[in-house]
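J.: Protein chains in written order, with numbering that gives the first Met the number 0: chain W, 0 to 391; chain U, 0 to 247; chain B, 0 to 307.
Hints are computed from structural coordinates only; laboratory data are not their basis.
Beta carbons: idealized from backbone N, C-alpha and C, even for Gly.
One or more hints might be untrue.
As the list claims (entries may be wrong) - Computed Cβ-Cβ distance ranges for the label pairs, DEER-style: (1) B:Ser-184 with U:Ser-63: 34 to 44 Å; (2) U:Lys-144 with W:Thr-183: 52 to 62 Å; (3) U:Gln-208 with B:Ser-184: 37 to 47 Å; (4) U:Glu-95 with B:Gly-99: 25 to 35 Å; (5) U:Lys-144 with W:Ala-313: 38 to 48 Å; (6) B:Gly-164 with W:Ile-127: 56 to 66 Å; (7) W:Val-19 with B:Ser-184: 57 to 67 Å.
What the hints assert, rightly or not - Here are the simulated lysine to any residue pairs, SDA-like style, with alpha carbons at most 20 Å apart: (8) W:Lys-146 with W:Phe-136; (9) W:Lys-146 with U:Ala-78; (10) W:Lys-222 with U:Ala-123; (11) W:Lys-314 with B:Ser-128; (12) U:Lys-120 with W:Ser-223; (13) W:Lys-222 with U:Ser-122; (14) W:Lys-222 with U:Ile-126; (15) W:Lys-222 with W:Arg-233; (16) W:Lys-146 with U:Val-113; (17) W:Lys-146 with U:Thr-72; (18) U:Lys-73 with W:Ser-247; (19) W:Lys-314 with B:Arg-127; (20) U:Lys-56 with W:Gly-150; (21) W:Lys-222 with U:Arg-121; (22) U:Lys-56 with W:Arg-147; (23) U:Lys-239 with U:Leu-226; (24) U:Lys-56 with U:Phe-17; (25) W:Lys-146 with U:Lys-73; (26) W:Lys-199 with W:Tyr-43; (27) W:Lys-146 with B:Leu-295; (28) W:Lys-146 with U:His-81; (29) W:Lys-222 with U:Ala-118.
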Amino acid sequence: MSRVEIRSYFPKSDLVNFAVLACLILIVLPLSMDIFRLNLVGKYLTYAFVALGLVLCWGYGGILSLGQGIFFGLGGYCMAMFLKLEASDPESTKIQSTPGIPDFMDWNQLTELPWFWEPFYSLPFTIIAVLIVPTIFAYIIGVAMFKRRVGGVYFAIITQAVASILTILIIGQQGYTGGVNGITDLRTLLGWDIRTDSAKYFLYYLNAILLFACLFFAQWVRKSKLGRILLAMREREDRVRFSGYDVSNFKIFVFCLGAAFSAIGGAMFTLQVGFMSPSFVGIVPSIEMVIFCAVGGRMSIFGAIYGTLLVNWAKTTFSESFPELWLFAMGALFIGVVMAFPGGLAGLYTDKVLPFCKKFIQKTRSGKKPQQIKVGPPKNDELASPDLAAVK
Amino acid sequence: MVTQKDFVLAVEGLTVSFDGFKAVNDLSFYVEEGEIRVIIGPNGAGKTTVLDLICGKTRSTEGSIKFRGKELTKMSEPAIVHSGIGRKFQNPSIYEELTVFENLEISFPRGHSVFGALAFKRSAEVIAAVEEVADEIFLSEHLGKTAGLLSHGQKQWLEIGMLLIQKPDLLMLDEPVAGMSVAERKKTAELLNKITQNRSVLVIEHDMQFVEDIAHRVTVMHQGKVLSEGSMDFVKNDPKVVEVYLGH
Amino acid sequence: MFADYTTTELVSIFAMQGFAGLILFSVFVLMALGLAIIFGQMGVINMAHGEFMILGAYITYIISNLFSSYLPGLFDLYFFLAMIVAFFATAALGALVEWGMIRHLYRRPLDTLLATWGLSLILQQIYRSVFGAREVGVSLPDWLMGSVPLSDMIEIPINGLFVMGLTIIISVSIYLLMFRSRWGSQVRAVVQNRPMAAAVGINTEKTDRRTFALGCGIAGIAGSAFTMIGSTGPTAGQLYIVDTFLVVVFGGAQSLVGTIASAFTISQSQSTMEFFLSGSMAKVLTLLVVVGILMLRPQGLFALKMRH
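Just chain W, with the same shape it has in the complex:
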């Protein structure tokens, strides 16, 4: 790629956004808090993967999935299965009636490891599974729904139903999944204790780096023609179809991408928090993840991350001191963001803060000049295309 091309994918304003976010996540937060709090931030940031996927799916593609917890959970469970097998070596499980299998299986009278657990002895397989299993699952749902032109609220409800099915299944099949408690008591990764402070620091940074990798990929998607097609599709699906695009493939792609992002988040969650349970799979967590994205701004990949951090920080603070108030606040957040600030924090920033700053700078620079008032809606930076002049 030439420099000009790279510029077209990463315009100056976005580079600044990347730098600010990197500064915050990689430097400011780690320096300003102890490892307990930082680990908490790391946990929040695993949800940011989901929110980031939702920006592409929902903000750009207009596909609202209320079942992102499915993919977060699948990714998390894949990782948890590997860690659990490592934690259940015959030596440390010798008091069980069947040593060498995870404790919850023993409690449920299982006498041998189920076949689908076997491959999770291998780390490479696990890493591939973390990415592939949720993506294939999303692909199946996507093909079934989008090829038949099911979208909008129907899609939202079906994803919700699938999330609910999966939760019931996980809770019901205790012997295979650990049931309602989930897979707990995870200790080491290839012999490396993930519960020490140094491991937590390492995992925090690994998580941050993966998040930035996903961010870069998301940036590429939204600045490529695919991003513009998604916007076009959201507005005039028929026009896109009759310009020769198979609209459903684009929807399937972006839905799978969102699923893959969520799965990475889920796997990192398991590593950092040390367990995975069905309470991250179902309807309630899934729709909560949508609000992280909505608060940050459904059209802004950076907004989604700030939104996730902010809502989760508020949740932790509130539920520590006033647990009853939290649900009220959360409910109000849903209503408020939808009715008053559909653009979320990012929208607020581009529509209100930025013009104000510009006006202020203009005023101080040239006191005499009359203010220029722009006709039409303010040009949203998120929609701006690569600079034409730069390409020529």
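We have chain W already, so just place chains U and B on it with the hints.
T.: Below, chains U and B alone, put in the same frame as chain W:
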């Protein structure tokens, strides 16, 4: 019967029924290479449905639609587009959030697969094609403008431009001058005459003056069937047509 | 799985499970009818529908307590009053919500979904603060207790019969209201062509509000009926919302008959399977089949083929 090779489009026995209501009923007509065919008819005659059927938006119940001998009724919409058919919708259907340039670029016939779109590069060829079309549709000044800010007439032209950049062999236009000023209408007629040099066009239009200006042949539809067909003069004097338009 | 049972046992199992399914069916129908009216007729997804139902249940609980403390002589009749109060209270709340929230979001169905979810969280917390987190049950009047023996092995509980009767009466009234009354034709007119309906003098805003209120009111009755067969907790509504939506979508959103038919299919298959499998697996299988069928036939079982 003439052999099918002479026709770009052969519609035969086309029927579609919505829960028993036949919006198009045993319809047949043929469009020749390089012809501008206009379909007129009272509201509810099934004109737009015919275009929907040809481009695959609606699936026929019976009958066949052959484009250059290829059967369209079983093909997917994008495949129909790729075989060389372009369709303009009744209301200007453009992407208002994108710029004029991006609107045209999306319609440029390359990078139509998911990964093609991801890897799509704005090459000199693309820019040249976009500029050429923008020039034809009188919008070269507005390439960087958000399409939502264009006037109604300009939006119509933009959508025509989005079709032109696909280089279709058959262009289908649904009321291309609806809501246009007299001056814009004239310009559009000019534009259509220019762009129809090397392709066939199927137009739905209500504006009779405009129809007279552009039509080679006219098909009059009524209640899902062909009522009359021929030159504008012939159709205008056909007693059946007069009755449908004036009799009620 | 049938091998362990004799034929007569199997017959009674199916009959008993079938009847248990009928009670589930009644609750589904009552909840789904309200939802179907709101979603099918207005295109609005009301995620707080379950909480509206629970409001009806709590109102019934309050009224039953009031009767047992102050009017023990009339306790046998409290349920009828409770149902009426539940209907009007939830309908009033529905009208308020429509006015304050829904009407601003008619063109944004996905956003309505999120906003009503927010509302459901708030309502849940209110219930928790007022009534406590524990489930509450009402005491049934004597005439609703006990059961009717049909044979040595088959017994039909009276409260179940009562709920079913109630369901039939309400379904029939809704049908008459929607398809035989002037008001119903106005609602349908607004659904089919809003500008045209407005042009012929229908107050579309008022129609919307009343439709929404009616849907919520029916949820209130559903909640009232729900107390007959189960206890009520702050989050009980959430348990039913997805199932109910599936019922509505499965039936074909615009068809009331479809809603009832799909409620019947789903509840029957679930309760019959429940006997042979564990409850959770029965539910998983039922939902999977429904989702599977919806993937094959997204318009639902009873949808019209529409032009455009």
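J.: Name the hints, by number, that the structure is in violation of.
T.: When the structure is compared with the hints, none of them turns out to be violated.
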